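**Student:** Here is what each chain is made of, one letter per residue.
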Amino acid sequence: MQQAAIAQPAPLRTLAEVKAEALARAERGSYPLIGLDPADVRTALAAIVTTDRDEWAAAWSAIGDRYAAQGDHVRAWRLYSFARWPVPLSAGKQRAYRKAVDAFLAYARDKRLPLQVVRIPFEGHEIVGYLQMPAGVARAPMVVSIGGLDSRKEDLAERFAPLLAHGIGSLSFDMPGTGEAPIKIAPGAERMFSRALDWLVARADVDASRVALYGGSFGGYWACKLAVSERERLVGVVAQAPPVHEAFSSEFARGNFTNTEYLFELGDAMMSLYDGAETYADYVRTSPEHSLVAQGFVGKPTAPMLLIAGALDTQVPISDVELWLRSGDTPKEAWIHAGGGHMGRDAVTWRDPVIFAQVTTPWLLRVLSPTKGPSA
Amino acid sequence: MVVARSLPNERPVRLNQTTLRHGSAVRPELFPVMRTLDEVKTECQARADRNAYPLSGLVPAEVREALARLTSLDRDAWAASWSQIGDRYMGAGEALGRGTPQAREKFMAAWRYYSFARWPVPLSAGKERAYGKAMQAFLAAAESLDPKVEVVRIPFEGSEIVGYLRLPANAGGPVPVIIAIGGLDSRKEDMIERFDALLPHGIGCFGFDQPGTGEAPVPLAPGSERMFSRAIDYLRERADVDSSKIAVFGGSFGAHWAAKLAVTERERLCAVVAQSPPVHDAFQPDFLHTAFVTKEYLFDRGPALASMYVGVETPEQFLAAAQRNSLVEQGWLEQPSVEPMLVVAGVHDTQVPIADIDLLLKSGNPKHAWINPNGGHMGREAKGWIDPVIFKKITMPWIVEALR
Numbered sequence: 001m002q003q004a005a006i007a008q009p010a011p012l013r014t015l016a017e018v019k020a021e022a023l024a025r026a027e028r029g030s031y032p033l034i035g036l037d038p039a040d041v042r043t044a045l046a047a048i049v050t051t052d053r054d055e056w057a058a059a060w061s062a063i064g065d066r067y068a069a070q071g072d073h074v075r076a077w078r079l080y081s082f083a084r085w086p087v088p089l090s091a092g093k094q095r096a097y098r099k100a101v102d103a104f105l106a107y108a109r110d111k112r113l114p115l116q117v118v119r120i121p122f123e124g125h126e127i128v129g130y131l132q133m134p135a136g137v138a139r140a141p142m143v144v145s146i147g148g149l150d151s152r153k154e155d156l157a158e159r160f161a162p163l164l165a166h167g168i169g170s171l172s173f174d175m176p177g178t179g180e181a182p183i184k185i186a187p188g189a190e191r192m193f194s195r196a197l198d199w200l201v202a203r204a205d206v207d208a209s210r211v212a213l214y215g216g217s218f219g220g221y222w223a224c225k226l227a228v229s230e231r232e233r234l235v236g237v238v239a240q241a242p243p244v245h246e247a248f249s250s251e252f253a254r255g256n257f258t259n260t261e262y263l264f265e266l267g268d269a270m271m272s273l274y275d276g277a278e279t280y281a282d283y284v285r286t287s288p289e290h291s292l293v294a295q296g297f298v299g300k301p302t303a304p305m306l307l308i309a310g311a312l313d314t315q316v317p318i319s320d321v322e323l324w325l326r327s328g329d330t331p332k333e334a335w336i337h338a339g340g341g342h343m344g345r346d347a348v349t350w351r352d353p354v355i356f357a358q359v360t361t362p363w364l365l366r367v368l369s370p371t372k373g374p375s376a
Numbered sequence: 001m002v003v004a005r006s007l008p009n010e011r012p013v014r015l016n017q018t019t020l021r022h023g024s025a026v027r028p029e030l031f032p033v034m035r036t037l038d039e040v041k042t043e044c045q046a047r048a049d050r051n052a053y054p055l056s057g058l059v060p061a062e063v064r065e066a067l068a069r070l071t072s073l074d075r076d077a078w079a080a081s082w083s084q085i086g087d088r089y090m091g092a093g094e095a096l097g098r099g100t101p102q103a104r105e106k107f108m109a110a111w112r113y114y115s116f117a118r119w120p121v122p123l124s125a126g127k128e129r130a131y132g133k134a135m136q137a138f139l140a141a142a143e144s145l146d147p148k149v150e151v152v153r154i155p156f157e158g159s160e161i162v163g164y165l166r167l168p169a170n171a172g173g174p175v176p177v178i179i180a181i182g183g184l185d186s187r188k189e190d191m192i193e194r195f196d197a198l199l200p201h202g203i204g205c206f207g208f209d210q211p212g213t214g215e216a217p218v219p220l221a222p223g224s225e226r227m228f229s230r231a232i233d234y235l236r237e238r239a240d241v242d243s244s245k246i247a248v249f250g251g252s253f254g255a256h257w258a259a260k261l262a263v264t265e266r267e268r269l270c271a272v273v274a275q276s277p278p279v280h281d282a283f284q285p286d287f288l289h290t291a292f293v294t295k296e297y298l299f300d301r302g303p304a305l306a307s308m309y310v311g312v313e314t315p316e317q318f319l320a321a322a323q324r325n326s327l328v329e330q331g332w333l334e335q336p337s338v339e340p341m342l343v344v345a346g347v348h349d350t351q352v353p354i355a356d357i358d359l360l361l362k363s364g365n366p367k368h369a370w371i372n373p374n375g376g377h378m379g380r381e382a383k384g385w386i387d388p389v390i391f392k393k394i395t396m397p398w399i400v401e402a403l404r
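Sequence order for the protein chains is D and B. So for the first sequence, our numbering puts the first residue at 1; every next one is plus one. So for the second sequence, our numbering puts the first residue at 1; every next one is plus one.
Quick caveat, the hints were computed from the structure, so don't treat them as lab data. All of these numbers come straight from a predicted model, not from anything done at the bench. Positions of the beta carbon are idealized from the N, C-alpha and C atoms, including for glycine. There's no promise every hint is true.
[As the list claims (entries may be wrong)] Rough simulated footprint, nothing fancy, chain D against chain B, three-plus residues with beta-carbon under 8 angstroms:
# : stretch
1 : 354-362
2 : 370-380
[Said to hold, decoys possible] Label-pair restraints from in silico Cβ distances:
#  : chain 1 : residue 1 : chain 2 : residue 2 : range
3  : B       : G223      : D       : E21       : 21 to 31 angstroms
4  : D       : E289      : B       : A355      : 47 to 57 angstroms
5  : B       : P336      : D       : A202      : 47 to 57 angstroms
6  : D       : A165      : B       : R404      : 52 to 62 angstroms
7  : D       : T279      : B       : E401      : 43 to 53 angstroms
8  : D       : A202      : B       : G331      : 54 to 64 angstroms
9  : D       : P162      : B       : R404      : 15 to 25 angstroms
10 : B       : G331      : D       : D65       : 47 to 57 angstroms
11 : D       : D37       : B       : T294      : 38 to 48 angstroms
12 : D       : A165      : B       : R98       : 51 to 61 angstroms
13 : D       : G299      : B       : A221      : 54 to 64 angstroms
14 : B       : A355      : D       : T279      : 38 to 48 angstroms
15 : D       : E232      : B       : D49       : 26 to 36 angstroms
Build out the structure end to end from the sequences listed, making use of the hints.
**Tutor:** Quick look at the structure:
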């Protein structure tokens, strides 16, 4: 029994099944293949014959290179990103990640996005963020956005760009343990975002009284933490499918290795985030330490919040969202999709961009409006 | 038809003949007493002093006066003491002259006292009389309202559904309407008063008593939601109503019907709000035993709940009848539901457990929710998030947006 419990489970999907699932998701424009051309997906998948990570990276990057050469940086970025997906656990995937960042920045220049790469000094390192400020606004309200396990500040900068038209700026980050973040996950790692807030509210072009925060998936974990630790500085926080407590149980940690809602490698990707989790056994043993109950965040006063979740989520159990909703001192708003999976999404109607446009955006506009959101 | 006893110089108000029938079988003496007389008095005064449910709008000094007259928990004595203040306001209103705004304030005050005189439900002859007077007072106040309150009588299964319809004035065309359903102890009059705030947004209100209460023609039972389907039929026939913009609001027990209609009428409704809806656990004996004695409710909760069912006399009969109303039992939770839908709730609710809200949120189509971790029934708190604040800051903006 003991032996079985510490052995890392084998993935449930075979390579053929990964390919079939990836193509199906591409064809319906669904996560994590949103924006990829199904024809390109077919070409890349045909070039992959083993589960070797470098081979995966090479197949997608080859198509990315072709688009990059043509100057189509947005397509190149999406392909390079999928080449490093979910996290760069091989040298080839690391190269793909660098290319993804470069392609994204080239895309931002082409599109004339008002995007600046900001580098905030932090504990001898730096926090890299993408800042986008609206034109013609003296002091802009802001959304700070935090990526998840496999989404990056590039994805967030793109997602939040439409708020510029509403006069709202954005500042996007990779979460601890991912991308260019200066630290891995450990208790207190949210301090990197507190540092970023210090930096943000000191800017003359920012309305410090109107700063909101968004985190999706694992990014929602930081959103919940910051809703507590930074409640004085945040007018609203959106947490979409945040892991809170049960998602960190050893049982859940083990289950991540056989999760099929996630395309592949959820367990390995998770393991890579934590400071000091070198082995499967380390990860399963120490995961519960990151629960927001264990860390004393559940029940604390929070900033006004919107929670978004799907009742069928297999990566973050809906009980985690229920726990957070019923805790703390402040009423919380929620959007719960009974038929939704992770992030509240489904395969047909409530896809990620639809939830963002119809649920997340109106809420952010409300809490960032000069007349403020609801409070008693 | 039953004709209510009328005051001098007053037109008799025609009451639905079912009005006095609800709960006629209940034997309140078989249910637990929730508070002693002294406890009732203390709690009433405390709630009146902070202008809280179910004494919102009553004057603390007058509450003291009415409470001082009470020497027992006798229901007729209760009705008489509060009605005495109601009569005073009624007389003052008549003296100022019907149809004037000055008189309206007096009639509204009379309505509030008569309503509290019949609270929570008319389980005695004195309370029945108070209920009749409450309606008369409200309609007297409504005479000077602009826009008017139209008393609509819709033929229904050999009886009639009585609804109060109030549409915005000077509308350029058909208007959106929210069907507002009262709860165990709130009535269509309360709904009209509360949704008054939507008129400036161009939204009308159609207020109803829920099945088993007030003038509703049917008792609380599976299928009683058909009275609201009939009301929707009626609205859709009116040229001054935009039939593509009909929504439903239900609060407390009224939200049970809102949750049902979100499924049964999903094709004809464009939005639904359910505030603290009883879904499943709220109908189970284990929970109802505690709900009989919850201090969150002022008194008479058991017999009031029992009064909504037809032919129920004893607590045992009530517990047996209640279970049939579970939305799980009836299969409603497996069905698609209206979008958008807003669910409002409080985690410490002792009348509708938060587990019912979790269950509803995990059923049907996606739903919006507003959950107060410190809130009780209706999501309310003693301070801060009181009923009018929740209505103004949460419910109303959501409805205005949904009906835009």
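**Student:** Against this structure, judge whether each hint is valid.
**Tutor:** Now for the hints, and whether the structure bears them out:
no., hint, in the structure
1, 354-362, "holds (count 4)"
2, 370-380, "holds (count 7)"
3, B/G223 <-> D/E21: 21 to 31 angstroms, "violated, 45 angstroms"
4, D/E289 <-> B/A355: 47 to 57 angstroms, "violated, 29 angstroms"
5, B/P336 <-> D/A202: 47 to 57 angstroms, "holds, 50 angstroms"
6, D/A165 <-> B/R404: 52 to 62 angstroms, "violated, 20 angstroms"
7, D/T279 <-> B/E401: 43 to 53 angstroms, "holds, 51 angstroms"
8, D/A202 <-> B/G331: 54 to 64 angstroms, "holds, 58 angstroms"
9, D/P162 <-> B/R404: 15 to 25 angstroms, "holds, 20 angstroms"
10, B/G331 <-> D/D65: 47 to 57 angstroms, "holds, 56 angstroms"
11, D/D37 <-> B/T294: 38 to 48 angstroms, "violated, 60 angstroms"
12, D/A165 <-> B/R98: 51 to 61 angstroms, "holds, 55 angstroms"
13, D/G299 <-> B/A221: 54 to 64 angstroms, "violated, 41 angstroms"
14, B/A355 <-> D/T279: 38 to 48 angstroms, "holds, 40 angstroms"
15, D/E232 <-> B/D49: 26 to 36 angstroms, "holds, 32 angstroms"
Checked against the numbered hints given earlier, this structure breaks hints 3, 4, 6, 11, 13; the rest are met.
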